[in-house]
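Enquirer: Using this note's numbering, the letters of the sequence shown correspond one by one to residues 77 to 591.
Hint data in this document are derived by calculation from the structure and do not stem from the laboratory. Every value quoted in this text rests on a predicted model; they were computed, and no experiment measured them.
The following label-pair restraints were derived from C-beta to C-beta distances: (1) M184 to G384: 47 to 57 Å; (2) L550 to H252: 20 to 30 Å; (3) E244 to T380: 45 to 55 Å; (4) L550 to R407: 24 to 34 Å; (5) C213 to L176: 16 to 26 Å; (6) N239 to V327: 50 to 60 Å; (7) C361 to E331: 19 to 29 Å; (8) E462 to V170: 47 to 57 Å; (9) Y461 to K547: 25 to 35 Å.
Quick reminder that beta carbons are idealized off the backbone N, C-alpha and C, glycines included.
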Amino acid sequence: MGSNTSRPRHCQVVAMPPETITIRNLTITPLELTLVERLEPPPAFIVLPQESNLGLNNITRMIAGRGGRSSPASSNNNSGCNNPFHHDPKPRLVTASQALSVPLAPFMESPTTVFPPSEDCHHQGEQLRLTFSETTCPSNRYTCEIPGLSEKSIELVFIGENNATAKEITAIYLPHVPYLALFSSAQLASWMSKLPDEIPLSSLSIPGTHNSATCHVALPSVRCQAVTVTEQLDNGVRFLDVRVNCPNLDVDQPERPELALVHAAFPVALSGARYLSGLLEEVYCFLEERPTETVMMSLKREGTGRGGDQLFGKILRKWYLGSDRWYTKGRIPSLGEVRGKVVLVRRYCCEGLGEEEGGIDGSVWPDNVADGVCGSGRIRIQDFYEVGRVEQIESKIDYACRELERSARMCLRLPCGVEELRAQREEMPLYINFLSASSFFNSSLWPDRIAGKVNPRMVEYLCRNHAVEGKGSLGDKVVGDAATGVVVTDWVGHGGDWDLVRCIVGWNARLQLKI
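Whenever a hint applies, use it, and build me the whole structure from the sequences.
Expert: Structure follows, in structure tokens:
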């Protein structure tokens, strides 16, 4: 004890010394790194075998430090253990420690003199225990161990005296950099409850899912999601992308027509049709239990049905959208207007709709664009999806990062009066940034494989590069409120991994600095 932890021990044959850890505090709480302890490897450091060739086995687990130098944990492990290695829960031996005083200002990046856990041949599985204190209340202290041993994000452990004053903080560790990002831990099932009513939806960082209903056993190129819509909502998703088949039928028939959920021409499940009515019941049940939340729903007509957009719109208006559970006005609402409601994003053309019933207009949707504006001007999108070669995934990632930069530049001027706030709302588009892409004929470019490459890169971007002044690919590199807009994902929640959703939700903390 008392020895310096700045430089780890190495084997006799040494490479260049590793870089020291950089920490970025993405919470509103000023913190200080006060102590670093180097822990011996767990007594029973047993690496689990590689699971299979599913592309998502390699996502966030590796990049976020859960598994570090080991294989990712199997989500189907019959032993019930979700850890990348089994370990003895007894207290760990501290092999070295160092007292520090590294200020971590909110939304700032701070270099340290701390070397990462050793990767040499003698110390594989070594961890660091970091202790932080709140600058304004030093008795409030927190610890975390990196890399983490569990499948999920590293939750900082509060070790202060008054639990009532504890903050909830999540750490994501990127071992290959090495880099540690600290986020405010939102309760994902109700994260909107902490935000004020007057904030427009376009100023928020909102996780979404692409082809949200495609969680069932289906053709590999059709399935885009790992978990059900209910699980998505419970874990923070607030934008659903829904595609519906419309047969040619009489809108005035005596009973509500059932509309099947599809992905392009294909049903979302091989075991039988799934219907819009069932999906809506899931959403309504969630909102009844969580009335502080809202769910944006993009509705689009797809499939082989012969009903056109006009018929589709009439069926929806008569049989599905008529209740007070829906917000169908054409403008982007404030959060307070739509708590407990579903917000319609209309991706179909329908004549004769007034400003009160047409939803947010996405009917003129530019196809396969890196950055485009819908005909109404209220939605700005990145939806480059035609990836024909593996090499094009890098282009997709670049387009997604650029759209995040554009969204981050928007700035809500607060405090302000009601009229000024309404005017600002009209000026600010809703950014919708799709991380999805695929190729039907190339198995290496099916949705799960692309998500396995894109999702961890977006986690890293949101931890290290998002909303950094002067850093980015756009010309002015200006940062406003740092909102991500709506980020639409594939295969989140696979194996219990919600880190990408946590990163997106975490960026809403930046708004709290000005409220």
